[in-house]
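Let the hints inform the model, and build the full structure from the sequences given.
Residue-level listing of the chains:
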Amino acid sequence: MTELTKRERMKLPPTEMPERDAAERARGFMEVNFGYDPDLAVTEAQRCLLCARPTCVDGCPVGVQIRDFMGHVAMREFTEAAEVIGVDNSLPAVCGRVCAQEVQCEGSCVLDKKGKPIHIGHLERFVADFVREHSPLEPTPNAPSTGKRVAVVGSGPAGLACASDLITMGHEVTVFEALHELGGVLVYGIPEFRLPKDIVRSEIDGLADRGVEFRTNTVIGSLDTLDDLLTEEGYDAVFIGVGAGLPKFLDVPGENLIGVYSANEFLTRINLMKAYSDKAQTPILDMHGKNVVVFGGGNTAMDAVRTAVRLGAARASIAYRRTMEEMPARVEEVHHAQAEGVVFDNLVSPVELLGNDESRLTGVRLQRMELGEPGDDGRRRPQPIEGEIFDQPADVVVIAIGNVPNPLLLRTTPDLDRTKWGTLVADSATGRTSKKGVFGGGDIVTGGATVILAMGAGRRAAKSIDEFLATGEW
Amino acid sequence: MNTIVEARALAPDVCYFRIEAPKIARRRQAGQFVIVRVEDDGERIPLTIADSDAEEGWIALAVQAVGHTTTVMNRLQTGDHLVDMVGPLGEPSEIEQFGTVAVVGGGLGTAIAYPVAKALSDAGNSVISIIGGRSTPYVIFEDEMRECSDEIHPCTDDGSHGFHGLVTTKLDEVMARRQVDRVICAGPIPMMRAVAETTRPHGIPTIASLNPIMVDGTGMCGGCRVSVGGESKFACVDGPEFDAHKVDFELLSRRNRAYLEWETEHNRSVS
Ligand SMILES: Cc1cc2nc3c(=O)[nH]c(=O)nc-3n(C[C@H](O)[C@H](O)[C@H](O)COP(=O)(O)OP(=O)(O)OC[C@H]3O[C@@H](n4cnc5c(N)ncnc54)[C@H](O)[C@@H]3O)c2cc1C
Ligand SMILES: Cc1cc2nc3c(=O)[nH]c(=O)nc-3n(C[C@H](O)[C@H](O)[C@H](O)COP(=O)(O)OP(=O)(O)OC[C@H]3O[C@@H](n4cnc5c(N)ncnc54)[C@H](O)[C@@H]3O)c2cc1C
Ligand code: SF4
Ligand code: SF4
Ligand code: FES
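Going line by line, the protein sequences match chains A and B.
Its first residue numbered 1, the first sequence is counted upward by one per residue in this note's numbering.
Its first residue numbered 1001, the second sequence is counted upward by one per residue in this note's numbering.
Possibly wrong hints are sitting among the right ones.
[What the hints assert, rightly or not] So the derived label-pair ranges between C-beta atoms look like this:
| id | chain 1 | residue 1 | chain 2 | residue 2 | range |
| --- | --- | --- | --- | --- | --- |
| 1 | B | 1075 | A | 286 | 22 to 32 Å |
| 2 | A | 385 | B | 1083 | 48 to 58 Å |
| 3 | B | 1232 | A | 357 | 17 to 27 Å |
| 4 | B | 1203 | A | 419 | 39 to 49 Å |
| 5 | A | 27 | B | 1263 | 55 to 65 Å |
| 6 | B | 1229 | A | 407 | 15 to 25 Å |
| 7 | B | 1083 | A | 358 | 44 to 54 Å |
| 8 | B | 1071 | A | 115 | 57 to 67 Å |
| 9 | A | 58 | B | 1232 | 35 to 45 Å |
| 10 | A | 393 | B | 1232 | 18 to 28 Å |
Since the hints were derived computationally from the structure, they do not count as laboratory data.
Using N, Cα and C, we set each Cβ at its ideal position, and we do this for glycine too.
So this is what it looks like as structure tokens:
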């Protein structure tokens, strides 16, 4: 292959992600993005300037060596690329699909200023998918057994990443999961059309092959308490990665009407319980030809509203307090939602949910908002415009305004320090909690955050668990 | 895992199962439930732990066939397995020395109230049980209830067994005769509501075991929310037992019918 000069590289146009036609995908749960093929991937990677000081790496929360893997992809060395990524990221097929690249790696790429950042996420996803399908990497062999046993509570990205590193270090690892399926939000929250469940499954199968033991249907705190794990059950350390799974409601009249779902319930019925399929036994309210209003502006709201489109809603809308600019969702999801016909009603806030005399939802009462002065977080605060209240018909409402930590586990472990928001107190560098031998990471510590941050926290905790097991020092 | 060690009919459309679950048997307390799945792609349904034996390692469930999943479950035989079972879930019942406690069970509700009656009796309370059914075969758990009760009053709508009339009529009669310090009820929603109205004028603390539709049972979805004293509560983690005088039973009964249409359509298209 001829070497391209920097100038030539800069002239190349970005390689767009091929995707399923919007009209077709709005009817099904098939993945929207098709993924690059090897030629597209190489073409895109060739645009990378292989910067001497790669700023992209600073933007990645776990510091994936982006420049180095780009170099390999440009040379068609996909296995080598996967090895480079694997050093820092144990779930690349997932992160390539769900990271908010525009504010992380791609947002820090030098080409971002020109509006043409390298599509790092697409390439990370390509490398992971290609290698998984064609020539899976040999996993790093597990170190000789240390005879130590670690319990990992929760099988979301934090728990899976922690378990993966611990098993490699030679410890015995058991992952406990409350639900009947493994994967946390990756399986019950994020829909199939964005993250196929087979990918999560294959990551988990890989861990099982390497010796991680999984126990589903096990709620720690009620079946065994944390103390039981450390005493009766004989674990030497525990990692808590139970996520922030308790849905917030709006706190307006009418939220118990039939037709009002939390995003967690709505998405769980669809993703985990497969309510969209004729064979599944879990019901979902009929959305065909109906008005569905989703409150919120994050990834969860986008997932919910796009799911409603796929269930046949006549009008599926986002009702958000601020404007498109402040929307926290990934830009790609917002674009996909727009292409699929989702309506964005910005600068509105719910006042009341309206129902009929059978307690069924019939509409929403909204307050028109405007953006005022910036608040503590630097974002301009939405404030009501006096007198501008109006009603809108709605058959289904989905509330996607965030989750708070589920108290199930912490309630039964009084000696674990927590914050006034109910999150677990854990050192951000080591994951250590206030209780000896107990570590934590992911959404339970940060509050609802991201897959990559949860994964990173799980890996840092694994490292400090390893140190603790070796020295016994706290 | 989750092997059924005994399955037998208890009443028309009601089956009794003993299921191997050594750990749950050791941990569970009165008032708690499990969530089971009985087929692939199946629904998760909550069922109260009616009894258990920690030494022998089993828990008991009593199941009334009301729809698809409970019907499929009630076809299972000794030696079959449940696909999934998780528990114990829910807050345990408040068990203290209250004095005299009337435990009111209607239909299947007697199986739900039984573990609470037993725990109350073990804690030194004097238990008066009032257990109702449409007619003789529908009155369940009578022997078990008798074991832990000072007084037991079976009631039937048709008078074929015990008292001829409603459990609330019997409850009134008991309250007129004896001091009752607390009332526990489990059964159909109209019955629990009637019990609440019966005790309200007397100001007797009354607890109802609620049965909203659930999905995960771990506090993650909020689908099980009920309105208690004007506040939303998640029945799976805050309950399932609540102050019956504060529960909005009308809303609960409506929410439980949310999927009636879906069920009719779906079961027709599947079968
Ligand atoms: C709908 C939705 C869309 C999202 N989209 C994105 C996205 O596009 N990009 C992104 O980066 N992030 C996204 N997120 C956020 C991301 O999924 C989370 O930040 C991440 O999953 C947190 O990982 P975790 O391992 O901390 O917890 P979780 O993934 O929440 O996993 C925790 C697990 O612990 C289990 N558990 C809880 N309590 C117990 C107990 N007592 N005993 C045993 N097990 C227990 C739970 O059942 C769960 O499986 C999204 C979140 C949602 C809800
Ligand atoms: C904490 C708790 C403990 C319970 N314990 C028991 C028990 O020990 N034994 C037992 O037989 N049942 C119990 N139930 C009720 C049981 O979970 C439901 O009957 C079951 O989920 C119905 O599933 P299905 O698929 O058979 O019926 P579906 O097809 O889902 O419903 C059939 C009909 O039953 C009604 N229904 C749906 N869900 C419920 C519900 N949760 N409660 C009452 N009616 C409902 C619907 O209106 C519908 O018309 C309990 C419920 C809760 C919440
Ligand atoms: S892990 Fe996420 S942020 Fe890091 S390089 Fe990959 S896609 Fe970008
Ligand atoms: S900053 Fe952009 S161009 Fe430079 S190495 Fe990183 S991805 Fe390549
Ligand atoms: S059943 Fe989901 S929160 Fe109670």
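Now the hints, each set against the structure:
Separated by about 29 Å at the C-beta atoms, residue 1075(B) and residue 286(A) satisfy the suggested range of 22 to 32 Å. One distance hint, 48 to 58 Å for the beta-carbon pair residue 385(A) and residue 1083(B), holds here, with the actual separation near 53 Å. The beta-carbon spacing between residue 1232(B) and residue 357(A), approximately 20 Å, falls within the hinted interval of 17 to 27 Å. At about 40 Å, the CB distance of residue 1203(B) to residue 419(A) agrees with the hint of 39 to 49 Å.
A beta carbon spacing of about 25 Å between residue 27(A) and residue 1263(B) contradicts the range 55 to 65 Å that was offered as a hint. Range check, residue 1229(B) to residue 407(A): about 20 Å between beta-carbon atoms, so the 15 to 25 Å window is met. Between residue 1083(B) and residue 358(A) the C-beta distance comes to about 34 Å, which lies outside the given range of 44 to 54 Å. At about 60 Å, the beta-carbon gap between residue 1071(B) and residue 115(A) stays in the expected band of 57 to 67 Å.
For the pair residue 58(A) and residue 1232(B), the supplied restraint of 35 to 45 Å holds, since their beta-carbon distance comes to about 44 Å. The supplied range of 18 to 28 Å is met by residue 393(A) and residue 1232(B), whose beta-carbon atoms lie about 24 Å from each other.
The structure does not agree with the numbered hints 5, 7 stated previously, though it agrees with the rest.
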